[in-house]
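Participant: Residues per chain, in single letters:
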Amino acid sequence: METYEYIPVRGERMFLGLHIPDETHSSRLDWKPGCVVIASPVHEEKKSAHRPLVDLARALEARRLPCVRFDYVGTGDSTGDPSSVTLSGMTDDLRAAVQHARDATGVSNVALVGLRLGADVAALVAEDDSDVRLLALVAPVGQGRRYVRDMRMRSRIRGAMTEPVDRSSEHGDVAAAPSPPSHLPREMGARPEEGPGEGGASGRRGEAGRLAVPAMTRTATVALDYDGHPVSPRMIAELESHDLLSRTASIGASVLCLDVRAKPQPSAPLTALADALRTRAASVDARAVVDEPFWNALGPVEPWECIGAVTDWLD
Amino acid sequence: MQDTPELRARLKELIVERLALSMKPEELGDADRLMEDHGVDSVGLFWIVVGLDEELGVQIGEDEFDLDTFSSVDKLAGFLASRGE
Numbered sequence: 001m002e003t004y005e006y007i008p009v010r011g012e013r014m015f016l017g018l019h020i021p022d023e024t025h026s027s028r029l030d031w032k033p034g035c036v037v038i039a040s041p042v043h044e045e046k047k048s049a050h051r052p053l054v055d056l057a058r059a060l061e062a063r064r065l066p067c068v069r070f071d072y073v074g075t076g077d078s079t080g081d082p083s084s085v086t087l088s089g090m091t092d093d094l095r096a097a098v099q100h101a102r103d104a105t106g107v108s109n110v111a112l113v114g115l116r117l118g119a120d121v122a123a124l125v126a127e128d129d130s131d132v133r134l135l136a137l138v139a140p141v142g143q144g145r146r147y148v149r150d151m152r153m154r155s156r157i158r159g160a161m162t163e164p165v166d167r168s169s170e171h172g173d174v175a176a177a178p179s180p181p182s183h184l185p186r187e188m189g190a191r192p193e194e195g196p197g198e199g200g201a202s203g204r205r206g207e208a209g210r211l212a213v214p215a216m217t218r219t220a221t222v223a224l225d226y227d228g229h230p231v232s233p234r235m236i237a238e239l240e241s242h243d244l245l246s247r248t249a250s251i252g253a254s255v256l257c258l259d260v261r262a263k264p265q266p267s268a269p270l271t272a273l274a275d276a277l278r279t280r281a282a283s284v285d286a287r288a289v290v291d292e293p294f295w296n297a298l299g300p301v302e303p304w305e306c307i308g309a310v311t312d313w314l315d
Numbered sequence: 001m002q003d004t005p006e007l008r009a010r011l012k013e014l015i016v017e018r019l020a021l022s023m024k025p026e027e028l029g030d031a032d033r034l035m036e037d038h039g040v041d042s043v044g045l046f047w048i049v050v051g052l053d054e055e056l057g058v059q060i061g062e063d064e065f066d067l068d069t070f071s072s073v074d075k076l077a078g079f080l081a082s083r084g085e
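Chains as they are written, first to last, in this note's numbering: chain P, 1 to 315; chain R, 1 to 85.
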């Protein structure tokens, strides 16, 4: 059964989708995770990954594994200022979602599945939560500076394809961001027709009108426009200092590091992350599935190889 | 990094794989225009940049990116050779 709820988190209303099967594995096999919590990416990657992550949640429910997905505060159908999304805030939001999952299922042991930056957030939460038994990291970022670099590069490429770049204006800018595409207001880069979060609440999943979302108020200064998504200086700073490879806290969970790419071998960055995690996790399984990196796809993608690999590993 | 047939072959393999082009790497011409002839869009260009990092260890700086550089295998190979790495 698929239901939706809002819970209060950090002074906002956080959206959760609950996929609770009528009969769960955990009622019969106590080594199964009581609930799976999915941590999504943010920014443009969340828009592209939304449908595949819903498919993943439904696939888990079909395997009788309860599952919770959610929108970070300031994104998707949650309230909040999208320009104030930070790594630390995302971590708090995942913790809140995990607690709600426990309350909803009555079982403390959980599995976390994170995609891209959501994977990194899941790994951070797993460090101080011994009841996280399984941790699936799908295409984790690993090093935040890579993510920042990729954000800037994507903006650069898109800007170069949509209008001539005025190089003289780049130097001295806070983040050296390129000019936003011509269809975006220059002062912010956000699409005025969109509401809060990834694509706005009004146009998403045909759920307009289900929740009266307050008018968005931007409270954070924007350092970078990422395909229309405002990224604050604090988020940039947190990402620049984020490095899963250099962390030392132990993780009690068994970890799956999963790459999604054109080759069946994990990439060098994922292999390096898996090696680093082996020193501090219960166990680490690093592998790759041949599938399209759906979080960057422009059109609809059905990454069933990836979904199958994750559900098989959890089940 | 020198502009060799081996480098060009690796670039073609990278481009065809990352962009899931319906062709064999060797069928991609050195002078083929990636955007005009093969429909490579901004996401595709981004994946080539990511692939250069992951497959060849080449990190393209934000200020180094130029559409012309990524317009063909010819141009890309020449650019990588000019970096002298």
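FYI, nobody ran anything at the bench for these hints, they're computed from the structure.
Please note that a few of the clues may not be correct.
To be verified - In silico DSSO-like links for lysine-lysine, alpha-carbon gap of 27 Å or less:
#: 1; chain 1: R; residue 1: Lys75; chain 2: R; residue 2: Lys24
#: 2; chain 1: R; residue 1: Lys75; chain 2: P; residue 2: Lys263
#: 3; chain 1: R; residue 1: Lys24; chain 2: P; residue 2: Lys263
Participant: Compare the structure with the hints numbered earlier in the document and write down the numbers of the violated ones, lowest to highest.
Facilitator: none
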